[in-house]
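> Here are the chains, one letter per residue:
Number of protein chains: 2
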Amino acid sequence: MSRTIAVLGGTGPAGTGLALRWVRAGETVIIGSRDAVRAQSTADAIRQQVGAQAKVSGMENAAACAASDLLVLTVPFEGQAALLKQLKPALRPGSVLIDVTVPLAASVGGRASRTIGVWQGSAAQQTAELVPKGVSVVAAFQNVSADVLNGDDDVDCDVIVCSDDPRATQVAMELAVKIPRVRAIDGGKLENARIVEQITALLIGLNIRHKGHGGMRITGLPEAAYKSFAK
Amino acid sequence: MSRTIAVLGGTGPAGTGLALRWVRAGETVIIGSRDAVRAQSTADAIRQQVGAQAKVSGMENAAACAASDLLVLTVPFEGQAALLKQLKPALRPGSVLIDVTVPLAASVGGRASRTIGVWQGSAAQQTAELVPKGVSVVAAFQNVSADVLNGDDDVDCDVIVCSDDPRATQVAMELAVKIPRVRAIDGGKLENARIVEQITALLIGLNIRHKGHGGMRITGLPEAAYKSFAK
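Just so you know, the protein sequences line up as chains X and H, in that order.
Reading the first sequence from the start, the letters are residues 49 to 279 in this note's numbering.
Reading the second sequence from the start, the letters are residues 49 to 279 in this note's numbering.
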């Protein structure tokens, strides 16, 4: 894969962590942000961690969109719909948009260990409703700890990928397995994202209760169901 | 622990599988069913698998309730509320009721890979509303594959235990770790069962898609968060 990955909202912990892992894997990443200066400063920080060969830059979200057809949305839920409406003219048919958003109750002043109901069923389905026709939405990476992503350790977590477009599922699975030890699992239709999103709130609750950085592994599926780095 | 465990709805796959594992671990188990004859026949089948030393019997649900203050509810969601209303006079204060129920859409003719909304938030919270005061409800075991439980292999799955009564959480965790390789994790309040219940539908969807017997492990928590057989 030699596509440029644009991480929208990439200055937040989840976006920065994913960007860091992909840059380390040799991918070309654009950090997108409302503020181009902040985006560039995050890109600089990643380059410092990875080294001079790092292919990472920073720009305003709309410019990042214009420069890539592989978008990763990592804004907090309360900013998701507004950003998508704003970016609509910049989203091109044929693009793949990987949605990492989780509708945590923290978005409306509640707890991060609870979720709020989304009319469409999930944050990812809300996204699917807001993007122009021809943009494929795929939900993934919601359960991976941002703290772990921003560190140096391998990531002990499976990524369940949900989309109605098998091509988009494939793209997200390929990006997932660029993160050491992550396994990608095809989770079926985009609607299944509603459960995967909930799991994030459960993991946050476990993290608070037990003081950890929880992740999740699916057991009991045949080998072929798990795509991993080695394969 | 030397308490008698009454598995209500214990002739179904989940109930039979849990009963089998606990009988194997030396626990005393009563299989409860609407039909005492079916309950006894399930108990006989378990005794045949485990051996003559097996402490297992079968009786009608209400009689099973009367004989135990440690109840495990394993009926399908569509039978849950009616059974609890019927059993109410038999449920004694001080009892612990472990609820394994998941509100699968299959309960209303839909898919087992989807759930239906429960007004109280989860099947377990519906149970909490229906039991007499003084009965402690704890949600657990929803994600353990019935197929795996009914076999001979170790169970590669964590059990997340949710309750508003720490004593009930403790009891359910002790029962969980009697199943070889199961780890029990305190999942906090009963309301968190709403996420754990959803995970079952996700696992069923993965089982259908990938032809497996999916389970779930939580990673990234400190050792002390996991209660297991050895400890």
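Derived from the structure by calculation, the hints contain no laboratory data.
Certain hints may be false.
Each pair may be met inside one copy or between any two copies, as identical chains are not told apart.
Claimed, not checked - Straight-line C-alpha distance at most 30 Å; calculated DSSO-like pairs for lysine-lysine: (1) Lys136 to Lys103; (2) Lys259 to Lys181; (3) Lys133 to Lys259; (4) Lys103 to Lys237; (5) Lys226 to Lys259; (6) Lys237 to Lys259; (7) Lys103 to Lys259; (8) Lys136 to Lys275; (9) Lys133 to Lys275; (10) Lys259 to Lys136.
> Now, for every hint given, state plainly whether the structure supports it.
Cross-check of the supplied hints:
1. Lys136 to Lys103: For Lys136 and Lys103, only the intra-copy Cα distance (26 Å) is at most 30 Å; the inter-copy one is 65 Å.
2. Lys259 to Lys181: Neither way: Lys259 and Lys181 sit 43 Å apart in one copy and 33 Å across, limit 30 Å.
3. Lys133 to Lys259: neither (37 Å within a copy, 39 Å between copies)
4. Lys103 to Lys237: neither (33 Å within a copy, 45 Å between copies)
5. Lys226 to Lys259: Classified as both: same-chain Cα gap 27 Å, cross-chain 26 Å, threshold 30 Å.
6. Lys237 to Lys259: So Lys237 and Lys259 pass the 30 Å test across copies only (16 Å; inside, 33 Å).
7. Lys103 to Lys259: neither (34 Å within a copy, 40 Å between copies)
8. Lys136 to Lys275: neither (32 Å within a copy, 49 Å between copies)
9. Lys133 to Lys275: The answer is neither: 34 Å in one copy and 47 Å across copies each exceed 30 Å.
10. Lys259 to Lys136: neither (40 Å within a copy, 39 Å between copies)
In this structure, the earlier hints numbered 2, 3, 4, 7, 8, 9, 10 are contradicted, and the remaining ones agree with it.
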